[in-house]
Amino acid sequence: MEDTTSFDHQLLKMLQSIANEGIQNVAYGFSDMVGRKIKVGNPTGKLVPVLSIPELVGGPDDDAVGIYLRFEGDLDGQIMMIVPTQKAMELVDLLMDEPVGTTEHLGTLERSALGELGNLCGTFFLNSMAKSTGASFRPSPPAVMVDMVGAILDIVVATTGFVSEHVLLMQANFMDGSRSVEADFWVIPDLIALQALFKKNMGS
Amino acid sequence: MKEPTSVGLGEQAISRNPEDILVAYGLGSCVGVIMIDPVSKVSGLLHAVLPKATDGFKDSSYKPSKFVESGIEQLLADLIHKGAMKSRLIVHLVGGANMLMLSGVGSFDIGNRNLEAAYAVLNRLNMQVTSADVGGHLGRTVRIYVADGRVTIRSAGQKEHSI
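The listed protein sequences derive, respectively, from chains R and C. Heads up, the first sequence stops at 204 in my numbering, and the numbers go up one at a time, no gaps. Heads up, the second sequence stops at 163 in my numbering, and the numbers go up one at a time, no gaps.
To be clear, the hints were calculated from the coordinates, so they are not data collected in a lab. Hints are supplied without guarantee of correctness; some may be wrong.
[Claimed, not checked] Derived DEER-like restraints, expressed as beta-carbon distance ranges:
#	chain 1	residue 1	chain 2	residue 2	range
1	R	Met96	C	Ile80	38 to 46 Å
2	C	Val129	R	Gly101	41 to 49 Å
3	C	Ile163	R	Val48	46 to 54 Å
4	R	Val48	C	Pro4	44 to 52 Å
5	R	Ser178	C	His81	58 to 66 Å
6	R	Gly101	C	Gly8	51 to 59 Å
For glycine and all other residues, C-beta sits at the position ideal for the given N, C-alpha and C.
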């Protein structure tokens with residue numbers, strides 16, 4: 001990969017390994033939450049330019065659900081989980097163990113379920129990051145929004161303030177039997193803190 | 001029909017081609033600044049992300065259109081260069097929503113700060129805002145039809161309407 005960012009190759013490798021492990025961890029948490037075995041397939045982690053996010057998620061005008069939380073501690077950052085509205089309703093069906101197509105709108109209950117899912121994903125992911133780096137983090141409560149992809153992503157773009165032009169993207173499929181729902185997570189850590197943490201861990 | 005010209009984050013577009021539609025998709029806390037000269041029929045759209053550049057931003061990746069303050073100044077200068085007259089310009093402001101409204105997630109209201117910056121710089125430039133569809137908690141898509149200067153807005157889950 002062209003190193004056009006302040007990330008270096010080793011740091012990216014570490015992030016990818018944290019991402020993979022984090023997503024596996026999320027699957028365990030997810031299974032506990034719904035009381036059935038949920039598998040997670042094809043976890044990938046890569047760095048993508050902030051400005052390419054809308055195209056990656058669909059179109060900036062498409063409706064989607066964003067679940068957002070921040071974390072603070074040895075490292076500050078934010079996590080955005082974004083799912084197209086249709087997929088989010090399938091996720092709710094999967095959470096509630098209802099046939100696909102049962103959920104037709106996202107009311108208070110549905111949003112709360114998605115918020116809980118985001119909370120869980122964030123917490124399990126952070127646990128895995130804490131384990132890998134020896135650092136500790138506290139996540140904020142989740143915020144759930146149903147809006148246009150572009151508008152949801154403004155939160156990410158505006159808060160990174162173009163300081164980090166790249167963010168860590170993780171993608172995975174949640175699977176329950178033959179049902180599969182894709183979700184994207186964006187993790188935007190404070191890059192300077194992350195590099196310091198990384199150097200400490202390398203023991204250099 | 002010609003594809004609309006998408007104006008992405010931190011970009012601006014100017015056109016006097018009557019077939020053009022300029023569009024900024026999914027403005028959340030971002031602000032869309034629209035300036036139209038109804039006589040010379042030149043229209044401009046800015047999609048600014050943050051209120052203003054601090055010193056830290058003025059590096060190699062610095063682009064005036066990322067910021068409300070420098071973006072409006074650049075948009076105006078470029079429009080005049082393309083034949084617009086400042087005194088004739090119709091100005092619309094769109095966006096600047098507060099996307100995060102839950103407690104515990106903080107309230108660094110960038111949308112509001114963007115709007116304040118826009119009004120401040122327009123005021124300094126002696127320019128009036130003709131109409132504003134701003135604030136609230138929902139994203140907006142804005143389109144400018146260069147042919148007749150019509151401006152439409154659509155929010156998530158709602159129908160497109162003219163302003």
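Unsatisfied constraints (hint numbers, rising): Violated hints (numbers, rising): 1, 3, 4 and 6; every other hint is consistent with the structure.
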